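Chemist: Chains A and B are the protein sequences, given in the same order.
Oh and the first sequence: position 203 is 203 in the working numbering, straight run, nothing missing.
To convert, take the position in the second sequence, counting from 1, and add 247; that gives the working numbering.
Do not rely on the hints blindly, as some may be mistaken.
[Stated by the list, open to error] Subject to a maximum C-alpha distance of 35 Å in a straight line, what follows is the list of computed DSBU-like cross-link-like pairs (lysine-lysine):
1. K164(A) to K357(B)
2. K166(A) to K329(B)
3. K166(A) to K240(A)
4. K166(A) to K61(A)
5. K139(A) to K240(A)
6. K164(A) to K139(A)
[Claimed, not checked] Covered stretches of chain B, as calculated for chain A (at least 3 residues, CB under 8 Å):
7. 416-422
8. 428-440
9. 463-476
[Stated by the list, open to error] Cβ pair distances, simulated, as ranges:
10. S462(B) to G111(A): 45 to 53 Å
11. R72(A) to P305(B): 36 to 44 Å
12. R524(B) to D141(A): 18 to 26 Å
13. Q120(A) to K361(B): 55 to 63 Å
14. E207(A) to L326(B): 38 to 46 Å
15. M521(B) to A137(A): 37 to 45 Å
16. V499(B) to V14(A): 50 to 58 Å
17. R72(A) to S462(B): 42 to 50 Å
Don't read these hints as lab results, they were simulated from the structure.
Note that the structure is predicted; figures quoted are calculated from it, not measured.
The beta carbon of each residue, even a glycine, is placed where N, CA and C say it ideally should be.
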Amino acid sequence: MLELRAVSRHFGGVRAIDGLDLRVAEGEIVGLIGPNGSGKSTAVNVIAGLFPVTSGEVLFKGQNLERLPTHRRLQLGIARTFQNIRLFGQLSVWQNLWVAQNSPEDRARRGFFARWLGGQRGARGEIAQLLEFSGLAGKQDELAANLAFGEQRRLELARALATKPKLLLLDEPAAGMNSEEIGQLRERIQRLRGRGITIVLVEHVMELVMGVTDRIAVLNFGQKIAEGTPAQIQNDPLVKKAYLGGA
Amino acid sequence: MDFYYGLAQIVGVHTLLGLSAYVVLLTGQVSLAQAGFFAVGAYTAGMLTVLAGWHIAPALGASALCGAATACAVGFPALRVKGLMLVIATLAFGEGVRLVFFNFDYQIAKGGIKVGPLGGEGFRQIRFFPENGWTTFDVMLFIWLFVIAAMAALWWFDRSRYGAVLRAVGEDELAAQSVGVNLTAVKVSAMTVGGAIAGVGGGLYAHYTTHIEHSSFNVLVATFAIAYPIVGGLSNVFGTLAAVIFVQAFLVEGLRDLGDWRNLLFGALIVAAMNLRPHGFFGRRH
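Input sequences plus hints: build the corresponding full structure.
Modeler: The following block contains the structure:
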């Protein structure tokens, strides 16, 4: 479904990612781990279209995404969450989700005027479902900025889901979460896989990565140094040296 | 009473000017171009009623269209600059419009005299209202019809997905893009809507003052336009209305008796208002 072929992204002299090959099959959950600065977030940004590649290709369902702007990639089905949550703080929870309903399915379902100038009623059902899934039921009129940290993280995920993605790029969704919250997140991710969403999970929290992914790719200094199942990665000496701490 | 009707006319037209800046400001674009669209609307409507004998209503429709078209044209290049650079770019545009009208002559003879815009002398004798027997009260009501329509339309936008999307873009463009919002379409459309409102405001302005000239559309007007939604707050359209009343009715008229002290107090009161309510009168939503 997603393929990165020899993708490099340089920022002046800094090679944030360098010759990265990655393939993600439909329905998989692939983890992307590595020390800070290894290029994980850059990889997400390149896939999402925030920066163009310096060289190499990003293919989604066989289509080269070159030069497609972010909002058009969203319409192809690529959604992402942000490491430092980027909610619309002055909008309500409801509005945060409403604003994200830009998928082709949503566009086909309602006419132009209904979608843009219509009232809230049309979107009520779907948004209620999203709130329910993310444990935010009853919070729809709260300003996003006033939510508790855990709730904000859940809203960030819910908002990405509102776009009806086929590929979901999660950028460190578990940062700052306690064990219970991580367990809930893990469960949610598994439910998403059950709905047929392909997921790339960039994460530091090993508890989550090892527990929920099918495969893991390990980056260091912008290059992939290992790839395999969670069990294989945990025992890989190169990975241990670079990242997991000690050989 | 005529004095108060006249004041209400001024407040009405300035509210339209403020509302045109409000919708653009929601998307995070600080635009000093609104006076330029206001000018386009003023000259368009004036020329249509004076030179072509149109009724004021279709003339205002044309003002809205011309204002919108001009704003749409400005909206695209405006996308390429952000923040302070956008302020300067829109300021430059507004000044450009003013200078176009400074040099614009188009007079025709009507009933023995020449009428129409005459460059630096401006465009005099825009007399649709007096010639058709409209009283100050009638004109005031007419103006407010449009003000209420504009406020209603923007109030509706604010409650719709479009309004939420405008504000999302204003808050965080990156996040908005990432959930599929087409920034170009949103920002240019907001500019266009603002242009239409400013155009109507300009058309009404030309007719109630009966005489417009390039200096009626200068940097000061452009600054007032953006000041109203800032002082009034972006929470809703009533903030802008409140700010216009505060500035025009309270500060401009109320302080009239204070002579030279007026300017000092004017500035001081604006500063005080911004300090007490940094997010505007009807500031942030809580």
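Chemist: Now tell me, hint by hint, if it's right for this structure.
Modeler: Comparing the hints with the structure gives:
Simply put, K164(A) and K357(B) have alpha-carbon atoms about 64 Å apart, too far for the 35 Å limit, and the pair is violated. Proposed proximity of K166(A) and K329(B) is supported: the alpha carbons are some 33 Å apart, at most 35 Å. Our distance criterion of 35 Å between C-alpha atoms is met by K166(A) and K240(A), whose separation comes to about 33 Å. Taking the CA atoms of K166(A) and K61(A), the gap is near 10 Å; set against the 35 Å cutoff, the hint holds.
Between the alpha carbons of K139(A) and K240(A) the distance comes to roughly 43 Å, so the proposed pair goes past 35 Å and is violated. Restraint check for K164(A) and K139(A): satisfied, since their Cα atoms lie roughly 21 Å apart, inside the 35 Å limit. Proximity of the segment 416-422 of chain B to chain A, defined as three or more residues with a beta carbon under 8 Å from a beta carbon of that chain, is established by the 4 residues found. Restraint check on the segment 428-440 of chain B versus chain A: 3 residues with Cβ-Cβ distances below 8 Å, three needed, restraint holds.
Here the segment 463-476 of chain B counts 0 residues with a CB under 8 Å from a CB of chain A, which misses the bar of 3, and the coverage is violated. Taken as a hint, the range 45 to 53 Å holds for the pair S462(B) and G111(A), whose Cβ atoms sit roughly 46 Å apart. Between R72(A) and P305(B), the C-beta spacing of about 40 Å keeps the proposed range 36 to 44 Å intact. Take R524(B) and D141(A): their Cβ atoms lie about 24 Å apart, and the range 18 to 26 Å holds.
Between Q120(A) and K361(B), the C-beta spacing of about 56 Å keeps the proposed range 55 to 63 Å intact. Distance hint check: the CB atoms of E207(A) and L326(B) are about 44 Å apart, consistent with the given range 38 to 46 Å. Roughly 39 Å separates the CB atoms of M521(B) and A137(A), a value that falls within the hinted 37 to 45 Å. At about 56 Å, the beta-carbon gap between V499(B) and V14(A) stays in the expected band of 50 to 58 Å.
In this structure, R72(A) and S462(B) meet the distance hint of 42 to 50 Å, their C-beta atoms being roughly 46 Å apart.
When each numbered hint is compared with the structure, violations occur for hints 1, 5 and 9.
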